[in-house]
Amino acid sequence: MGGQRAQLVDERDSQTTQAPGRRPSAADGPPPELIFKRGLRPAQVARELWGARELVRALAERDLRARYKQAVLGFAWAVLTPLALCAIFTLVFRRAVHVETEGAAYPLFAYVGLIVWQFFSNTMNQGALSLANNLSLLNKVYCPREVFPLATMLVATVDMLIGTAVLGLLFLIFWTAPAVTFLWVVPLLGIQFAFTYGIALVLSVAVVYLRDVRHLLPIITQMGVFATPVAYPLAQIPERLQELYVGVNPLGAVIEGYRNALLYGQAPDAALTTIAAVSSVVFLVGGYLLFKKLETGIADVA
Amino acid sequence: MSPSQTLPLGTIRTDQVWKRFKADQQRMLLRDKVDSLARRLRGEKGEDWRWALRDISMHIEPGESVGLIGSNGSGKSTLLKMLTRVMYPYGGVIDVRGRIGALIEIRAGIHPDLTGRENIYLFGALLGLRRREVAGRFDDIVEFARLGGAIDRQVKFYSSGMQMRLGFAVAAYLEPHVLLVDEVLAVGDAVFQQRCLDRMREVAEQGTTIVFVSHDLPAVESICRRGIWLEQGSIRVDAGIKDAMAGYRDSIEAQSEAGGRTGEPLQLLKHEVRGEDRDSLTTDEPMTVELTLGGEYRGDATLHLGVSEGTSSPIFQISHEIRLTGGDRQVACVIPRLPLPRGRYTLWAGVYSIGRTDGGTLMSWHSVGQFDVFGPMLDSPPRAVVLAAPVFVPHHWEE
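Listed in order, the protein sequences are those of chains A and B.
Here the first sequence stands for residues 1 to 302, numbered as in the working numbering.
Here the second sequence stands for residues 303 to 701, numbered as in the working numbering.
Please keep in mind that the hints were generated in silico from the structure rather than gathered at the bench.
Among these hints, one or two may not hold up.
Covered stretches of chain B, as calculated for chain A (at least 3 residues, CB under 8 Å) [claimed, not checked]:
id : segment
1  : 382 to 388
2  : 391 to 404
3  : 509 to 515
In silico negatives: residues of chain B with every beta carbon more than 10 Å from chain A [unchecked claim]:
id : residue
4  : GLN318
5  : GLU366
6  : HIS413
7  : GLY426
8  : ARG631
Since the model is a prediction, treat every value here as computed from it, not as a measurement.
The beta carbon of each residue, even a glycine, is placed where N, CA and C say it ideally should be.
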């Protein structure tokens, strides 16, 4: 050891243990067969979503608690908005335009449509921003991303339930009982949920990639309430276009179905409801696949 | 190598993982998309890509603790994000077995209007815990975050330190098979940092696989047994933590030396570091540093000398006033008992003028070169205890 010189070690390239075969590769990219592809196995997706059910609940709970924590009127807001719209519609469409409701009280007629529309527009508006508002979280924590729009739909569902309680009140006021055909509501709800969730999925991921979509939301909301038979019956749309219409907007058939079932004591129109059901499944599956495909890049653009 | 192969829980495998980002990021407006689409249609190159990770293959066995080190932009955090499954690779296979816990600062997810208690349950759900499980650990979490009575207060009334600790504490009690830690020690005060390190040690001893990313090299060294050094997106070294650290530290110093200083009034012409009797340096023995300065400057100045170990902050620094007379000037500094344990160190020097207000830098503080010290190894501290700097303290024990 004595003979060892300890001068300043001036080695720029100090010897480092290079792991075998781990040299920085000169190749410009991975071999093509290794390029990542998103594989979706339905069983796995379903299992993951089921595993995240508590998260959906917790997120919805967060939104509900936070929303009403500092609002004096609290949950009353869930009722006031559709009621106010209902009053306006009654004034405008009943008195001024005089929409034909075939014997049903107009406020009831409009309110049924408004509950559906309110549910849709709440889910769409909140759901579209549900990813964008949680980007910092998405960048750090893994969870199935589709729970965020799903949670906003759950919040909208709670609002809808409150709105339905008020519907009961309206039935009392106008002294009519819902018809026994009201059980048709169940399959119609399925169509309503499937379509709404499909739209919310697409919009939520679109907002992350394209900020412009944010500005589209108010336009869709404002036009949609008139483009959907909320204030008027579906019959106002020409007969030959109705099938095409409910294919594009299943909510039309849903609202019409509710009115038939609750107010007129009839079964929903079979053909239109089937078209709406098929269409809403297409929206749901298509939206889900698009969401899952684009989801992989969220952390890259966030 | 195929994902279907059964690997024990806690295993991490990456095979030929590549990741790229757009070089021209940021604006995400419809207009930009239209622009790039138009460019692509005209046959020009649509987008400019930059590789963030190239061909990363690493196999980590259950229970290993691995430190990911490397300079800024070397791809450490990107790799960690892909292990967390937040980000997806462009190519290659990533396989992480078992429950993944990420010890990260999740303050952003705290909802200000909710109470601490509500937030803890929300976090738990986000991290994949059942409500029951959170309830079972609730007291530990509150204790870890030192929240005490504030737990039922709205989070917006918390101090920022409390907010950070809250998010962190939930993550710390996940009990995952794989724990990923990204640069968390910047969070909180010294007491809380030590608490985090202790928690990591506990988790490591329970057999959890740990991947730790930090620029705090001593902290990484105190937790990890294996080190992976990333450089510009590739694995440069994958070895024991000491070897990986040594390589990385050398490269940092090489870089800081490479930044040349020309045009300064003083130049360091020659430098020598030696022991007294022999040429080699030994712990607790004398050390002499001889410097030769050259330059036109005349006047009083302070000469600073320092020694560091792989970081920019020196272990110690000493200074001396000298009078420069415009020619070559030799200065020697003798340290009678060198307080450094065995290792490789870097010598730093700088000269600054006295009594002048015009800047005053004659030779800016820079690393001059490296030297080796022979002697005893430093006793190792308990795991997860971080030594700020290696210092040899002569001592004896009595019983």
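Outcome of the hint check:
{"no.": "1", "hint": "382 to 388", "verdict": "holds (count 4)"}
{"no.": "2", "hint": "391 to 404", "verdict": "holds (count 7)"}
{"no.": "3", "hint": "509 to 515", "verdict": "violated (count 0)"}
{"no.": "4", "hint": "GLN318", "verdict": "violated, 6 Å"}
{"no.": "5", "hint": "GLU366", "verdict": "holds, 15 Å"}
{"no.": "6", "hint": "HIS413", "verdict": "violated, 6 Å"}
{"no.": "7", "hint": "GLY426", "verdict": "violated, 8 Å"}
{"no.": "8", "hint": "ARG631", "verdict": "holds, 19 Å"}
The structure fails hints 3, 4, 6 and 7 (numbered hints given earlier, in ascending order).
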